[in-house]
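**Q** The listed protein sequences correspond, in order, to chains A and B.
Throughout the first sequence, residue numbering follows numbering that gives the first Met the number 0, covering 0 to 171 in sequence.
Throughout the second sequence, residue numbering follows numbering that gives the first Met the number 0, covering 0 to 287 in sequence.
Any given hint could turn out to be false.
Said to hold, decoys possible - Quick list of in silico lysine to aspartate or glutamate cross-link-like pairs, EDC-like style, CA-CA up to 20 Å:
1. B:LYS18 with B:GLU44
2. B:LYS37 with A:ASP134
3. B:LYS130 with B:ASP73
4. A:LYS33 with B:ASP162
5. B:LYS254 with A:GLU35
6. A:LYS139 with B:ASP162
7. B:LYS254 with A:GLU107
8. B:LYS250 with A:GLU35
As the list claims (entries may be wrong) - Listed next, the stretches of chain B that the computed footprint assigns to chain A, with coverage defined by at least 3 CB atoms under 8 Å from CB atoms of chain A:
9. 140-148
10. 178-184
11. 202-213
For the record, the hints were derived by calculation from the structure and aren't laboratory data.
We treat Cβ as the ideally placed atom computed from N, Cα and C, and that holds for glycine.
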Amino acid sequence: MREGWHEALTNWLLRWLPLFVSILWLMISFIPLKSELSANARPMLGLMCVYFWSAYRSDLFSLMSIFILGVISDVLSVAPLGIYLFMYLIMYLSVIKISKYVNEKTFEMLWIGLAVLLPVPMLSGWLLTSIYYADFLPLKSLLFSYLISVALYPIFGGINAVIINKCLQDEN
Amino acid sequence: MRRRRVLFLHLSRLRRTIKKSAIAVLFVLVFVFMLLNKTNNALIEKTSTTAEEIVTPITEILVMPASMLLNGYDYLRSLRKIDLENQALREENHKLIIANAKNRALEIENKILANLLNYVVPPKADFITAKVVAQEGTAFAHSLTVYIGDNNRVEKGQVAISDKGVVGRVEDVGSRYAKIALINNINSKISVMIENSRVRGMMVGQNDIWPDLVFLPLDADLKIGDRVITSGIGGVFPVGLPVGKIASISKSGAKIEPANNLSRLEYVMIVDYKLPDPANELYEDERQ
Chain A
0 MREGWHEALT
10 NWLLRWLPLF
20 VSILWLMISF
30 IPLKSELSAN
40 ARPMLGLMCV
50 YFWSAYRSDL
60 FSLMSIFILG
70 VISDVLSVAP
80 LGIYLFMYLI
90 MYLSVIKISK
100 YVNEKTFEML
110 WIGLAVLLPV
120 PMLSGWLLTS
130 IYYADFLPLK
140 SLLFSYLISV
150 ALYPIFGGIN
160 AVIINKCLQD
170 EN
Chain B
0 MRRRRVLFLH
10 LSRLRRTIKK
20 SAIAVLFVLV
30 FVFMLLNKTN
40 NALIEKTSTT
50 AEEIVTPITE
60 ILVMPASMLL
70 NGYDYLRSLR
80 KIDLENQALR
90 EENHKLIIAN
100 AKNRALEIEN
110 KILANLLNYV
120 VPPKADFITA
130 KVVAQEGTAF
140 AHSLTVYIGD
150 NNRVEKGQVA
160 ISDKGVVGRV
170 EDVGSRYAKI
180 ALINNINSKI
190 SVMIENSRVR
200 GMMVGQNDIW
210 PDLVFLPLDA
220 DLKIGDRVIT
230 SGIGGVFPVG
240 LPVGKIASIS
250 KSGAKIEPAN
260 NLSRLEYVMI
270 VDYKLPDPAN
280 ELYEDERQ
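Generate the whole structure from the sequences, applying the supplied hints.
**A** So this is what it looks like as structure tokens:
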């Protein structure tokens with residue numbers, strides 16, 4: 000009886016592990032790094048999480064996870080409420096659309112996939128925020144955020160891959 | 000048995016429909032959030048603040064090892080320059096001693112003149128010093144999250160400054176944390192003026208590194224390096240708080256380089272200048 004309870008809890012934790020890891024990444028993205036670059040153009044770690052987990056383990060990263068992650072991002076930010084959730088949903092839809100055509104999920108393929116897909120939610124978010132404020136947001140910092148996100152993806156993806164290999168291997 | 004099967008079929012169909020429409024529902028929710036946010040809905044504000052109270056302490060714990068590493072790196076870097084810095088500080092100290100003596104004389108003169116003119120002294124400012132625990136810097140927003148402790152004196156709209164000048168304004172207040180929208184955040188608008196020429200304008204954040212200086216008179220004579228200070232119009236900021244200096248000039252206005260390095264802030268002061276809100280004052284006058 001006790002073992003069963005323990006097993007159920009472990010399964011529950013493993014089921015939500017992608018969300019917990021994503022929240023952790025998200026919070027890391029808010030750490031003050033005392034540099035000019037980090038204060039103006041940070042990697043879009045939330046979007047990278049949505050991309051990674053939707054591509055690798057969409058069974059463990061449901062719309063509920065995206066909703067929770069989006070709300071946390073919006074709460075931590077002073078940007079209009081809902082903007083991050085909007086971008087995450089766009090990213091989720093884009094990955095779902097593309098995953099039908101891409102069967103081979105190698106690391107390089109997913110890296111290229113991120114470089115191709117990331118501008119879609121970022122530009123959508125940029126457009127929606129610009130409409131909200133009735134003023135165009137600078138594209139320069141958006142471009143830098145994009146470049147940093149793509150450049151950091153191998154480190155980010157590598158750590159997430161370790162988590163998959165260590166904790167979610169049996170689930171595969 | 001048959002009834003059960005029918006019920007099960009109905010339920011699974013309903014579940015499928017919900018699953019299909021969930022994404023559409025979430026998109027609708029996004030627009031509802033944004034609309035409510037635009038109208039400054041109290042419920043949304045309260046929910047957001049409560050959620051922030053839960054999330055921010057975790058961020059603060061995560062910041063600790065990172066800030067220790069950064070401080071260690073800063074310390075090692077500063078060791079290299081310590082000799083030069085020491086010499087510069089001595090020179091600066093010498094200049095400050097002279098400036099201090101001059102200031103004292105000016106202060107006395109100011110007091111005498113204020114008495115002669117029957118000048119009404121503004122209320123004394125009240126402030127707290129808060130530690131920066133999180134920072135946001137993307138194309139979508141520029142903000143700081145600070146720890147204010149169990150302090151109930153902090154209110155939305157109060158001014159955040161550092162030792163060099165204006166940093167931003169309090170955007171959101173929780174029971175232990177507050178969010179500050181920096182001066183380069185897109186919804187930041189502060190009435191400013193050029194210190195020497197007294198030309199007034201509006202400093203507008205653009206989510207860029209430097210905020211813009213707009214709404215300047217056509218004949219405004221600007222020079223790169225001119226100091227920019229708050230004009231006191233609007234009732235939130237008092238006159239004369241340093242903001243930055245003119246960094247570049249274009250046809251549409253100018254760019255202001257903030258007096259503070261906004262990326263390296265560790266502590267900020269949240270100040271309540273207790274200035275009367277001009278809008279309320281006018282309203283009161285009209286009612287009377």
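**Q** All the hints need checking, so say for each whether the structure fits it.
**A** The hints, checked one at a time:
no.	hint	in the structure
1	B:LYS18 with B:GLU44	violated, 29 Å
2	B:LYS37 with A:ASP134	holds, 15 Å
3	B:LYS130 with B:ASP73	holds, 18 Å
4	A:LYS33 with B:ASP162	holds, 17 Å
5	B:LYS254 with A:GLU35	holds, 17 Å
6	A:LYS139 with B:ASP162	violated, 30 Å
7	B:LYS254 with A:GLU107	violated, 41 Å
8	B:LYS250 with A:GLU35	violated, 27 Å
9	140-148	holds (count 5)
10	178-184	holds (count 3)
11	202-213	holds (count 4)
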